[in-house]
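Chains as they are written, first to last, in the working numbering: chain A, 78 to 422; chain B, 78 to 422; chain C, 78 to 422.
Simulated from the structure, these hints should not be mistaken for laboratory data.
Incorrect hints may have been included.
Between beta-carbon pairs, the in silico distance windows are [to be verified]:
hint : chain 1 : residue 1 : chain 2 : residue 2 : range
1    : B       : Lys-94    : C       : Ile-271   : 57 to 67 Å
2    : C       : Thr-422   : A       : Phe-376   : 35 to 45 Å
3    : C       : Asp-379   : B       : Lys-125   : 29 to 39 Å
4    : B       : Leu-174   : C       : Gln-396   : 25 to 35 Å
5    : C       : Pro-142   : B       : Gly-182   : 41 to 51 Å
6    : B       : Gln-173   : A       : Gly-182   : 32 to 42 Å
7    : A       : Ala-196   : B       : Lys-94    : 47 to 57 Å
8    : B       : Glu-129   : C       : His-184   : 36 to 46 Å
9    : B       : Glu-129   : C       : Asp-379   : 37 to 47 Å
10   : C       : Arg-403   : B       : Lys-125   : 49 to 59 Å
11   : A       : Ala-209   : C       : Asp-379   : 54 to 64 Å
12   : B       : Gly-182   : C       : Arg-83    : 38 to 48 Å
Below, in silico cross-link-like pairs of lysine-lysine (DSBU-like), each with a Cα-Cα straight-line distance of 35 Å or less [stated by the list, open to error]:
hint : chain 1 : residue 1 : chain 2 : residue 2
13   : B       : Lys-125   : A       : Lys-277
14   : C       : Lys-125   : A       : Lys-367
15   : A       : Lys-274   : B       : Lys-277
16   : A       : Lys-125   : B       : Lys-178
17   : B       : Lys-277   : A       : Lys-250
18   : A       : Lys-410   : C       : Lys-410
19   : A       : Lys-274   : A       : Lys-125
20   : B       : Lys-277   : C       : Lys-274
21   : C       : Lys-94    : A       : Lys-125
22   : C       : Lys-274   : B       : Lys-367
23   : C       : Lys-274   : C       : Lys-125
24   : A       : Lys-277   : B       : Lys-277
25   : C       : Lys-367   : A       : Lys-125
26   : A       : Lys-178   : C       : Lys-367
27   : A       : Lys-94    : C       : Lys-277
Glycine included, every Cβ here is placed at the ideal spot set by N, Cα and C.
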Amino acid sequence: MQVSFRPEEIATIVQPKEVRGTTTEVVRGIASLSSAAPGELSFLGNPKYRGEVAGTRATVVLVPPDYEGQPQPNQLFLLVDNPSVALARLCSRIEQLLWPKPAPGIHPTACIAPGARVAASATVGPLCVVEAEAVVGERSHLQAQVYVGRAARIGDDCWLMPGVTLAAECVLKNRVRLQPGVIVGADGFGYEFIAGKHEKVPQVGNVVIEDDVEIGANSTLDRARFSRTVVGEGTKIDNLVQVAHNCTIGRHVILCAQVGISGSTTISDYAVLGGQAGIGGHITIGRGAKVGGQSAVTFNVDPGAYVNGSPAISYMLGQRLEVLHRRLPELFKRVEQLENLAADT
Amino acid sequence: MQVSFRPEEIATIVQPKEVRGTTTEVVRGIASLSSAAPGELSFLGNPKYRGEVAGTRATVVLVPPDYEGQPQPNQLFLLVDNPSVALARLCSRIEQLLWPKPAPGIHPTACIAPGARVAASATVGPLCVVEAEAVVGERSHLQAQVYVGRAARIGDDCWLMPGVTLAAECVLKNRVRLQPGVIVGADGFGYEFIAGKHEKVPQVGNVVIEDDVEIGANSTLDRARFSRTVVGEGTKIDNLVQVAHNCTIGRHVILCAQVGISGSTTISDYAVLGGQAGIGGHITIGRGAKVGGQSAVTFNVDPGAYVNGSPAISYMLGQRLEVLHRRLPELFKRVEQLENLAADT
Amino acid sequence: MQVSFRPEEIATIVQPKEVRGTTTEVVRGIASLSSAAPGELSFLGNPKYRGEVAGTRATVVLVPPDYEGQPQPNQLFLLVDNPSVALARLCSRIEQLLWPKPAPGIHPTACIAPGARVAASATVGPLCVVEAEAVVGERSHLQAQVYVGRAARIGDDCWLMPGVTLAAECVLKNRVRLQPGVIVGADGFGYEFIAGKHEKVPQVGNVVIEDDVEIGANSTLDRARFSRTVVGEGTKIDNLVQVAHNCTIGRHVILCAQVGISGSTTISDYAVLGGQAGIGGHITIGRGAKVGGQSAVTFNVDPGAYVNGSPAISYMLGQRLEVLHRRLPELFKRVEQLENLAADT
Chain A
78 MQVSFRPEEI ATIVQPKEVR GTTTEVVRGI ASLSSAAPGE LSFLGNPKYR GEVAGTRATV
138 VLVPPDYEGQ PQPNQLFLLV DNPSVALARL CSRIEQLLWP KPAPGIHPTA CIAPGARVAA
198 SATVGPLCVV EAEAVVGERS HLQAQVYVGR AARIGDDCWL MPGVTLAAEC VLKNRVRLQP
258 GVIVGADGFG YEFIAGKHEK VPQVGNVVIE DDVEIGANST LDRARFSRTV VGEGTKIDNL
318 VQVAHNCTIG RHVILCAQVG ISGSTTISDY AVLGGQAGIG GHITIGRGAK VGGQSAVTFN
378 VDPGAYVNGS PAISYMLGQR LEVLHRRLPE LFKRVEQLEN LAADT
Chain B
78 MQVSFRPEEI ATIVQPKEVR GTTTEVVRGI ASLSSAAPGE LSFLGNPKYR GEVAGTRATV
138 VLVPPDYEGQ PQPNQLFLLV DNPSVALARL CSRIEQLLWP KPAPGIHPTA CIAPGARVAA
198 SATVGPLCVV EAEAVVGERS HLQAQVYVGR AARIGDDCWL MPGVTLAAEC VLKNRVRLQP
258 GVIVGADGFG YEFIAGKHEK VPQVGNVVIE DDVEIGANST LDRARFSRTV VGEGTKIDNL
318 VQVAHNCTIG RHVILCAQVG ISGSTTISDY AVLGGQAGIG GHITIGRGAK VGGQSAVTFN
378 VDPGAYVNGS PAISYMLGQR LEVLHRRLPE LFKRVEQLEN LAADT
Chain C
78 MQVSFRPEEI ATIVQPKEVR GTTTEVVRGI ASLSSAAPGE LSFLGNPKYR GEVAGTRATV
138 VLVPPDYEGQ PQPNQLFLLV DNPSVALARL CSRIEQLLWP KPAPGIHPTA CIAPGARVAA
198 SATVGPLCVV EAEAVVGERS HLQAQVYVGR AARIGDDCWL MPGVTLAAEC VLKNRVRLQP
258 GVIVGADGFG YEFIAGKHEK VPQVGNVVIE DDVEIGANST LDRARFSRTV VGEGTKIDNL
318 VQVAHNCTIG RHVILCAQVG ISGSTTISDY AVLGGQAGIG GHITIGRGAK VGGQSAVTFN
378 VDPGAYVNGS PAISYMLGQR LEVLHRRLPE LFKRVEQLEN LAADT
């Protein structure tokens with residue numbers, strides 16, 4: 078990181094209950110206790126690393142109030158109620174410094190079509206395109222080389238990073254964050270097989286992304302055949318994820334990297350899908366259900382269930398079968414012995 | 078959708094055999110029978126939903142000629158031979174309204190290198206780049222922020238959506254549709270391991286995409302080491318698919334989302350690969366073969382075969398083994414009982 | 078390819094020990110022995126194709142010094158020590174012709190923010206964005222529509238192809254080649270679940286890519302929570318690969334297409350991961366280890382080990398279990414026979 082803090086600035090941010098030691102060093106980085114170098118800050122977030130505090134070379138260390146050790150010379154201990162929370166507070170400050178809220182306005186190289194409406198408080202960066210009838214809400218930020226299609230609507234306080242495509246008619250509500258390369262509103266994959274050819278089924282619906290959703294780099298979400306593909310409030314989607322047409326992703330769902338969801342499927346609120354999981358079409362994953370990484374699910378999953386495997390089965394059964402599967406060599410031997418015994422008698 | 082139809086406009090498009098009921102409502106959306114609201118159109122495409130027609134709140138309903146029920150007040154039934162086909166006809170009309178054919182011409186912010194040839198009937202949108210010696214054919218549409226490399230050739234009636242990259246020397250024939258973010262012609266992944274390092278093998282071939290191919294968002298197709306990587310006529314590729322160098326994808330093939338195909342492999346005409354399937358290098362998938370989602374195929378597959386699993390085996394055998402696999406706990410118990418019996422005698 | 082060579086130009090490049098036959102044809106392509114047409118060059122790289130030389134229609138054929146056959150009329154045999162190496166030399170020459178080193182300079186449509194530093198020998202192509210405090214080193218090439226974020230640093234002789242995003246603060250050392258659509262430095266996927274919501278954990282670290290790394294089209298590498306995500310010297314990454322925050326990818330590693338690596342994992346030097354493999358978080362893959370395609374690894378892998386499967390186990394054990402798995406129908410029958418026997422006695 079290119080920002081630095083004097084020790085007293087850090088104390089102002091994390092508000093320690095007690096300060097031990099002194100240092101005149103400036104802090105220019107954050108690292109784990111064991112890997113930190115002088116000039117870096119570290120923290121005791123997990124009790125199992127308590128023994129590493131004494132040996133750390135970090136200049137500033139965030140420790141819990143019950144930590145009893147003393148700092149080395151030119152080292153500062155800041156005792157805080159929750160070192161992880163204190164660190165998050167510091168990182169938020171760093172984030173503001175690294176990515177300062179840009180000034181409102183439209184970069185002279187952006188192409189805003191006649192009939193588009195961009196709020197005066199919004200920022201449209203270099204080489205963005207905003208098509209006719211599109212709307213960009215208050216304080217929203219199109220960073221650079223973003224494409225906003227005809228009649229697309231972006232709410233307030235959204236952030237579209239470089240190279241994002243928001244296709245025609247699609248909708249982002251408020252505080253939606255799209256990482257670079259995200260594509261919202263490509264055509265759904267729908268064809269009818271007629272006379273030896275796959276004839277395209279027009280895809281005339283859209284995609285609606287509710288409040289506080291974040292979507293990872295190069296992920297793709299397809300527009301509905303008609304009606305809408307929906308991603309619910311607070312859901313977080315990692316990189317290279319595929320959401321097909323007419324899916325309904327619920328609220329506060331987690332989709333890890335490279336997950337693929339087939340068409341017209343519903344992922345209910347609070348479900349968690351592990352990386353590279355594949356979900357079939359026209360099914361429902363229940364509220365709060367968990368799907369293991371690389372699983373393949375082709376049937377409905379009950380609320381709260383935990384399934385795993387390809388094809389997916391209940392996690393507990395899968396674990397048991399996996400153990401027995403690895404004992405197959407033994408089982409074959411046992412059956413052979415029984416056969417030998419039978420032959421002898 | 079941002080388009081609307083008066084009931085008489087819909088009748089003009091779908092040409093009903095009979096009309097029942099009347100409405101003065103304007104139709105602004107399409108939805109399933111059970112979810113439609115007033116102001117929306119619905120349809121009875123699948124007989125199993127016949128019972129839902131009576132209760133639907135849709136303003137206009139497309140029903141087959143043998144449907145006997147009567148509409149509610151302010152509701153219109155249009156009796157058509159095939160409601161699905163009638164709906165497709167309506168959606169095509171919506172598509173034309175949503176994505177009107179753009180006017181020909183080159184946007185003033187597009188960069189057309191000297192020596193590139195763009196047909197007068199083509200449209201090159203904002204912030205596109207067309208390099209030297211590239212050709213853009215009649216009525217083709219580069220939507221926005223598209224990159225066309227040196228000496229690339231685009232035929233007639235193609236549509237390259239925002240952010241597409243067509244690298245140097247690559248070829249699109251006619252009516253090819255590339256969804257946003259597609260990359261045609263990145264280098265193949267080829268290295269030779271020499272003296273502890275992976276030395277790059279130059280990739281100097283290209284990619285040729287035949288007529289009527291469609292490729293989904295953020296999919297990647299690599300250029301050949303030499304000669305060409307080919308995608309045959311009428312083939313449809315979903316999002317986030319990887320096609321490696323020197324592959325030959327046949328005609329009318331379906332590659333679902335996140336499929337990965339290794340180098341120099343042939344996928345024959347009419348094959349269908351399910352989502353997230355992985356195909357090894359230097360093999361052939363036979364004509365009309367089916368590969369299940371998330372399967373891993375590392376050997377040739379016969380024409381018309383259906384394989385599934387990781388590693389893939391015949392679908393029927395896989396289903397049988399899966400049933401037996403789940404009976405492993407029972408089998409272990411039975412063997413134990415036999416052993417106990419043997420010990421007793 | 079759009080380049081052509083006269084036979085004597087090819088001889089100058091490959092330096093044959095002996096020349097047999099003559100031709101006046103110009104060579105405009107390269108193809109395998111069996112598929113080559115007149116006007117193309119072919120080569121005998123693998124002894125098993127020796128029988129195909131006599132029948133090839135190629136105009137020029139590279140053969141080893143011990144090849145005894147004679148060319149057909151208007152056909153040229155060039156006898157070289159190693160036809161594959163000779164071909165690579167020719168392809169390198171083709172590569173230089175296809176992708177000539179561009180002239181230094183900044184395209185008038187590129188947006189270079191005040192405070193960015195671009196070397197005079199660097200090339201910045203059309204519609205690129207280079208933000209404040211960013212550095213572009215000697216002879217580096219930003220091809221087109223590339224985004225370089227605030228304070229990002231690019232070393233010497235790098236090549237960023239169209240549509241690449243290098244986010245703020247991220248670092249490319251020297252001779253790094255990023256294929257189109259690569260995203261370096263999107264936010265890591267980190268949230269804490271607080272009061273029913275996933276609250277974002279700020280991601281304020283960066284990504285550092287060491288010398289001679291190549292990364293494939295549309296791959297994504299996330300910035301660290303704090304500190305750095307690292308890709309070591311000479312590592313080659315294929316298309317659509319996901320590398321999560323805080324990973325350390327070693328030197329000379331191979332990551333095939335669609336691999337996904339979860340957060341804080343270490344892939345040691347010379348490891349090779351097959352296509353679509355998924356690696357869990359906070360683990361270590363040992364030096365030189367091999368992971369089969371589509372495997373799922375959730376535990377440490379020893380140096381030099383070869384694991385495969387989902388979940389992954391040792392390759393040898395996996396092969397054995399797979400054989401026994403397919404014999405399950407037989408095993409069930411054998412147990413039934415034993416049971417019948419036991420019932421009879």
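Do the hints match the structure? See the list:
1. Lys-94/B to Ile-271/C: 57 to 67 Å: Roughly 60 Å apart at Cβ, these two residues keep to the hinted range, so it holds.
2. Thr-422/C to Phe-376/A: 35 to 45 Å: holds (44 Å)
3. Asp-379/C to Lys-125/B: 29 to 39 Å: Given range 29 to 39 Å: violated, Cβ gap about 55 Å.
4. Leu-174/B to Gln-396/C: 25 to 35 Å: violated (58 Å)
5. Pro-142/C to Gly-182/B: 41 to 51 Å: With a Cβ separation near 60 Å, Pro-142/C and Gly-182/B fall outside 41 to 51 Å, so the hint is violated.
6. Gln-173/B to Gly-182/A: 32 to 42 Å: For Gln-173/B and Gly-182/A the Cβ distance comes to about 36 Å; the hint holds.
7. Ala-196/A to Lys-94/B: 47 to 57 Å: holds (50 Å)
8. Glu-129/B to His-184/C: 36 to 46 Å: violated (59 Å)
9. Glu-129/B to Asp-379/C: 37 to 47 Å: violated (59 Å)
10. Arg-403/C to Lys-125/B: 49 to 59 Å: Roughly 39 Å apart at Cβ, these two residues miss the hinted range, so it is violated.
11. Ala-209/A to Asp-379/C: 54 to 64 Å: holds (60 Å)
12. Gly-182/B to Arg-83/C: 38 to 48 Å: About 42 Å separates the Cβ atoms of Gly-182/B and Arg-83/C, which means 38 to 48 Å holds.
13. Lys-125/B to Lys-277/A: holds (25 Å)
14. Lys-125/C to Lys-367/A: Violated - the C-alpha atoms of Lys-367/A and Lys-125/C are around 51 Å apart, more than 35 Å.
15. Lys-274/A to Lys-277/B: violated (40 Å)
16. Lys-125/A to Lys-178/B: violated (64 Å)
17. Lys-277/B to Lys-250/A: violated (46 Å)
18. Lys-410/A to Lys-410/C: Distance ~15 Å between Lys-410/A and Lys-410/C Cα, so the pair holds.
19. Lys-274/A to Lys-125/A: Cα-Cα ~62 Å, so violated.
20. Lys-277/B to Lys-274/C: Given pair Lys-277/B, Lys-274/C is violated - Cα atoms ~46 Å apart, limit 35 Å.
21. Lys-94/C to Lys-125/A: violated (68 Å)
22. Lys-274/C to Lys-367/B: Distance ~42 Å between Lys-274/C and Lys-367/B Cα, so the pair is violated.
23. Lys-274/C to Lys-125/C: violated (62 Å)
24. Lys-277/A to Lys-277/B: violated (40 Å)
25. Lys-367/C to Lys-125/A: holds (32 Å)
26. Lys-178/A to Lys-367/C: Not satisfied, since the Cα-Cα distance of roughly 45 Å exceeds 35 Å.
27. Lys-94/A to Lys-277/C: holds (26 Å)
Hint compliance for this structure: hints 3, 4, 5, 8, 9, 10, 14, 15, 16, 17, 19, 20, 21, 22, 23, 24, 26 are broken, all remaining hints hold.
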